[in-house]
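Can you make the complete structure from the sequences, with help from the hints?
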Amino acid sequence: MYNSLDIAVSGMVAQRTRLNTIAANLANQNTILDASGNPNPYQRRFTVFAPGDGNGGSGVHVQSIEINDAPPKLRWEPNSPFARPEGSPDAGYVYYPDIDPVTEQIDALEAQRAYEANVQAAEAAKSMMAQALSILA
Amino acid sequence: MNDPLGLINSGGFSPLDPLRGDRPSRPQGPGQTEGPGFADVLRENLAQVNKLQQDATTAIEDLQTGKRDDLETVLAATAKADNAFRMLLQVRNKVMDAYDEIKQIRV
Amino acid sequence: MFIDQVTNAGALPVLERMLQFSARRQTLIQHNIANLSTSGFQPKDVSVEAFQAQLAGAVDARRKKFGGQRGELELGNSRQVTTDGPGSLRLNPVSSGRNVLFHDRNNRDAERLMQDLVENAGQFRVASDLLKSRMDLLRSAITERP
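Protein chains in written order, with the numbering used here: chain A, 1 to 137; chain L, 1001 to 1107; chain U, 2001 to 2146.
Any given hint could turn out to be false.
[To be verified] With a Cα cut of at most 25 angstroms, we get these calculated DMTMM-like pairs of lysine to aspartate or glutamate: (1) K1067/L <-> E2074/U; (2) K2132/U <-> E2016/U; (3) K1051/L <-> D1062/L; (4) K1067/L <-> D2060/U; (5) K1051/L <-> E2016/U; (6) K2064/U <-> D1062/L; (7) K73/A <-> D98/A; (8) K1067/L <-> E2049/U; (9) K1080/L <-> D2136/U; (10) K1051/L <-> D2129/U; (11) K1094/L <-> D1082/L; (12) K2065/U <-> D1055/L; (13) K126/A <-> E2119/U; (14) K1080/L <-> D1055/L; (15) K2132/U <-> D1082/L; (16) K2132/U <-> E1072/L; (17) K2132/U <-> D2004/U; (18) K2044/U <-> E123/A; (19) K1080/L <-> E2016/U; (20) K1094/L <-> E2144/U; (21) K2065/U <-> D1062/L.
Derived by calculation from the structure, the hints in this document are not laboratory data. All of these numbers come straight from a predicted model, not from anything done at the bench.
What follows is the structure, encoded as structure tokens:
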């Protein structure tokens, strides 16, 4: 019966990881430079879940955090120091990350709802354990 | 007045004069005059409690197998059967205690 | 012989079986809830009605054989629920998709899953409380203390 708490917690952990990814996406929706200062827009990350806990048990785990390689959004800013230089494709445009805050927020809502469902499942497991114990006492 | 052992005005026997000849009349057997005796009442209640318990068992099994879905009726029937059993057990305990006391009366 | 009449008395075997079933099914439902967002996942469940029918068959057999107040309950096997004895119960869940397939090929139905969770926990609780009350009654009969 203890592993039923494991299952619920694995769900919570997975959803929280997903929420962290979404938060990173939202925070970086206007990040046009990479860590070394070159114009390399942030790319949206997303989590991939898989059933099981990696060892054959039940539950869910984050299999990987993938990078979405969609093409960046273009914004016409010819006077920006980060605009694409003359002669290159999209000259005068600045590459922005292709992150839509509305989509991210809806994903966040869904992650939150799934998290709450897992919390309810954990509560149910706890109360069933207490019930089973009370058979003896 | 109920007098199962026939001690009152029984054929002339007087507690003040134990040497008079007449024997006291025999104690009335169960069910012979006014109503059932204690043994009959006990037996009948035992059968009733048994039936209540068996009905409760059947109700619980039917609830678990889906043949009935009225949880509250089954719970009430179970509680009643349990109370009846506990009452009978308590009565039995009192009777046993009374018998123990009577056993210890020095004659 | 007489110990068996205490361990298999009345409704105790049925309640034990329902307890086992609810406990095993709880892990199934939790697995489904944990995988609400997993793409390609299909929720799996066992049918409560089928198990209750299986139980009903075993109960009827016990009633016919022993009179209904004693005797072991022989559950037998079905496609979804198998057992090797009074202490073991195995579930073989099947796909229980009741909803449309989402874009991530998961046919989750969160509300029905939560309902299943609550109902299953309720079933467990009823069986456990009834079992406790039967045990208490047996104990009060044995100790002669009402």
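- Task: With a cut-off of 25 angstroms on the C-alpha distance, tell me whether K2132/U and E1072/L pass.
- Result: Satisfied, since the Cα-Cα distance of roughly 17 angstroms is no more than 25 angstroms.
- Within a Cα-Cα threshold of 25 angstroms, do K2132/U and D1082/L meet the stated pairing? 12 angstroms, holds
- Does K1051/L pair with D2129/U here, judged by a C-alpha cut-off of 25 angstroms? 22 angstroms, holds
- Message: What's the verdict on K2065/U and D1055/L, does the C-alpha distance respect the 25 angstroms limit or exceed it?
- Response: OK: K2065/U and D1055/L at ~18 angstroms, within 25 angstroms.
- Message: What's the verdict on K1094/L and D1082/L, does the C-alpha distance respect the 25 angstroms limit or exceed it?
- Response: Cα-Cα ~18 angstroms, so holds.
- Item | Pair hint K1080/L and D1055/L, alpha-carbon separation not exceeding 25 angstroms | Holds: K1080/L and D1055/L sit about 11 angstroms apart, inside 25 angstroms.
- Pair hint outcome, K73/A versus D98/A [Cα-Cα no greater than 25 angstroms]: 5 angstroms, holds
- Does K2044/U pair with E123/A here, judged by a C-alpha cut-off of 25 angstroms? Roughly 21 angstroms between the alpha carbons, so the hint for K2044/U and E123/A holds.
- Query: Quick one, are K2065/U and D1062/L close enough, alpha carbons at most 25 angstroms?
  - Reply: 17 angstroms, holds
- Message: Please verify whether K1051/L and E2016/U have alpha carbons no more than 25 angstroms apart.
- Response: Measuring from Cα to Cα gives roughly 23 angstroms; hence the hint holds.
- Query: Taking 25 angstroms as the top limit, are the C-alpha atoms of K1067/L and E2074/U close enough?
  - Reply: 19 angstroms, holds
- Does K2132/U pair with E2016/U here, judged by a C-alpha cut-off of 25 angstroms? Holds, because 11 angstroms separates the two Cα atoms, which is no more than 25 angstroms.
No hint from the list above goes unmet by this structure.
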